[in-house]
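Undergrad: Can you build the whole structure from these sequences, using the hints too?
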Amino acid sequence: MIEVARLTKRYGRKLAVDDVGFTVRPGRVTGFLGPNGAGKSTTLRLLLGLDHPDGGTALIGGRRYRDLRHPLRTVGALLDGAGPVPERRGVDHLAWIAQSNRIPRRRVREVLDLVGLTGAAGQRVKGYSLGMGQRLGIAAALLGDPEVLVLDEPVNGLDPDGIRWVRDLLREYAASGRTVLLSSHLMAETAGTADDAIVIAGGRIVAHGSLDDISAGHESLESAFFALTGDRRGLGGRGGRGGRGEW
Amino acid sequence: MVRDLAAATRAELGKVVTLRAVWLISGAVVGLHVLLGLQNLDAETEAVREITADGMIERFPGIVRPAREALVEYLAASSFQMCLFLPCVAAVVAGQEFRAGQLGTSLLAVPRRGLLAGAKVLAVGGFLLFVSIVIAAISTAFVYLSIKDWNPGLPVSAEAWTAQVKFLAYAVLSGLTTFAITMIARSTLIGILVTVALTVLTMSQILAVFTPALDALVPLSAGRNLILVPDESLRLSAGPGHAMVVLVTWPLLATAVAATALCRRDAR
Chain A
54 MIEVARLTKR
64 YGRKLAVDDV
74 GFTVRPGRVT
84 GFLGPNGAGK
94 STTLRLLLGL
104 DHPDGGTALI
114 GGRRYRDLRH
124 PLRTVGALLD
134 GAGPVPERRG
144 VDHLAWIAQS
154 NRIPRRRVRE
164 VLDLVGLTGA
174 AGQRVKGYSL
184 GMGQRLGIAA
194 ALLGDPEVLV
204 LDEPVNGLDP
214 DGIRWVRDLL
224 REYAASGRTV
234 LLSSHLMAET
244 AGTADDAIVI
254 AGGRIVAHGS
264 LDDISAGHES
274 LESAFFALTG
284 DRRGLGGRGG
294 RGGRGEW
Chain B
0 MVRDLAAATR
10 AELGKVVTLR
20 AVWLISGAVV
30 GLHVLLGLQN
40 LDAETEAVRE
50 ITADGMIERF
60 PGIVRPAREA
70 LVEYLAASSF
80 QMCLFLPCVA
90 AVVAGQEFRA
100 GQLGTSLLAV
110 PRRGLLAGAK
120 VLAVGGFLLF
130 VSIVIAAIST
140 AFVYLSIKDW
150 NPGLPVSAEA
160 WTAQVKFLAY
170 AVLSGLTTFA
180 ITMIARSTLI
190 GILVTVALTV
200 LTMSQILAVF
210 TPALDALVPL
220 SAGRNLILVP
230 DESLRLSAGP
240 GHAMVVLVTW
250 PLLATAVAAT
260 ALCRRDAR
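If you read the protein sequences in the order shown, they are chains A and B.
Every number in the numbering used here is 53 more than the matching position in the first sequence, counting from 1.
Counting along the second sequence from 1, when you hit position 51 you're at 50 in the numbering used here, and nothing is skipped either side.
Treat the hints with caution; some may be incorrect.
[Claimed, not checked] Just so you have them, the derived chain A footprint on chain B, three or more residues with Cβ under 8 Å: (1) 18-32; (2) 106-115; (3) 195-209.
No lab work stands behind these hints, which were simulated from the structure alone.
Think of the CB as a built atom: it goes at the ideal place given N, C-alpha and C, for glycine as much as any other residue.
TA: Structure follows, in structure tokens:
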């Protein structure tokens, strides 16, 4: 369970996150939607203790992330702007992360296998494609076999096979009673994966509920998103598309 | 807590040893040390061969000193000149955190920032100690080759061990100072530039000439004051006790500031 209450963050004069509150329940995939710059990544960084909030709380299983003793065994995260050093080999990147949380070394091989990077494990990360980099990030998130997954734009750079793999992985994860928070600005991806959604715009939560509730009265989740965020740029060309499972 | 610190330190050490730049710089330092040792070997052997009956040596033209004291000093001083480059290793290790969002990954793995800072210091200190021991061992080997016909036991004498320990202390403490400065600046380049500026302050002798008391506070000067023995041709700006205090204070203060900055700043 993720509980965020009255979370606020300023960068200088800019209010990036304004009194944000939501709950993410176990056994469900929750989409975290918003246009670029809406405050998604900042909220996730606050949740995971990378940035300091100016107010409010963000708890995972009732505790702040930084209070978790072996955090990766509880929470697996993939964040934009939290990546490997390009000169390090993929396997070495995962190995030090595993060591830090006392995760057995064999788990590194397991997750590499799981994300399909076994053959590239010995390559330096700078030689990875965007999709391989994403797979490495997902592998790092899965290292501790965590109860909670927090993924920021996990399908960026993935090919269709990879996207389907991530979707299935998240669905299976939630089906096993675990918690998944999936940040995205891709409506169709979210519609195809999530049970619930939180919509953020201008640093404030504008909708929070089941996907069906949020989409109610709209043609699709995408239409609902644009109506909620006040961003109508995409309505003309894409208003008729969307819906669960479509791209 | 101790087990968590041990795990985090192992992870940090894993980061250090899997970074190619670290091995390239360390290898270059060690290689240069071997090269200079080979280059000086004949001259040192010749100087040892001409040690007088009353135990005096002339390693540099016109400077005659007690051989035992001069050769022990040479043992540490030859390592000392090499470890001028070691802070670069520390800067690269610290600076990696601020590339490609590595710090974010580090904090996801070890979110207790004080623990992370402590683990980093232990890991970098340990690696610097390892490289310094290699440098000291090479110095010992070359000194032994020079003096084996005169006093083969000198490199393992009490004075020699004391000199080596002083060198190791300087090498690790000066490296940790650069490490902390780089963490504060969040830039490898700035960490190296600040270290070079501090080195220039000592090498230029400007402070030593005009304000020796200030000179004694600079890390490299403190290293020199700790390791070298004063004589007519070499005046030091402070004694070894003062030097040790300076060398401990620099990394302590810099690390405290770096740890505070790590705790208070957002991981960007």
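Undergrad: So which of the earlier hints does this model not fit?
TA: The structure conflicts with hint 3 only, although it agrees with all the remaining ones.
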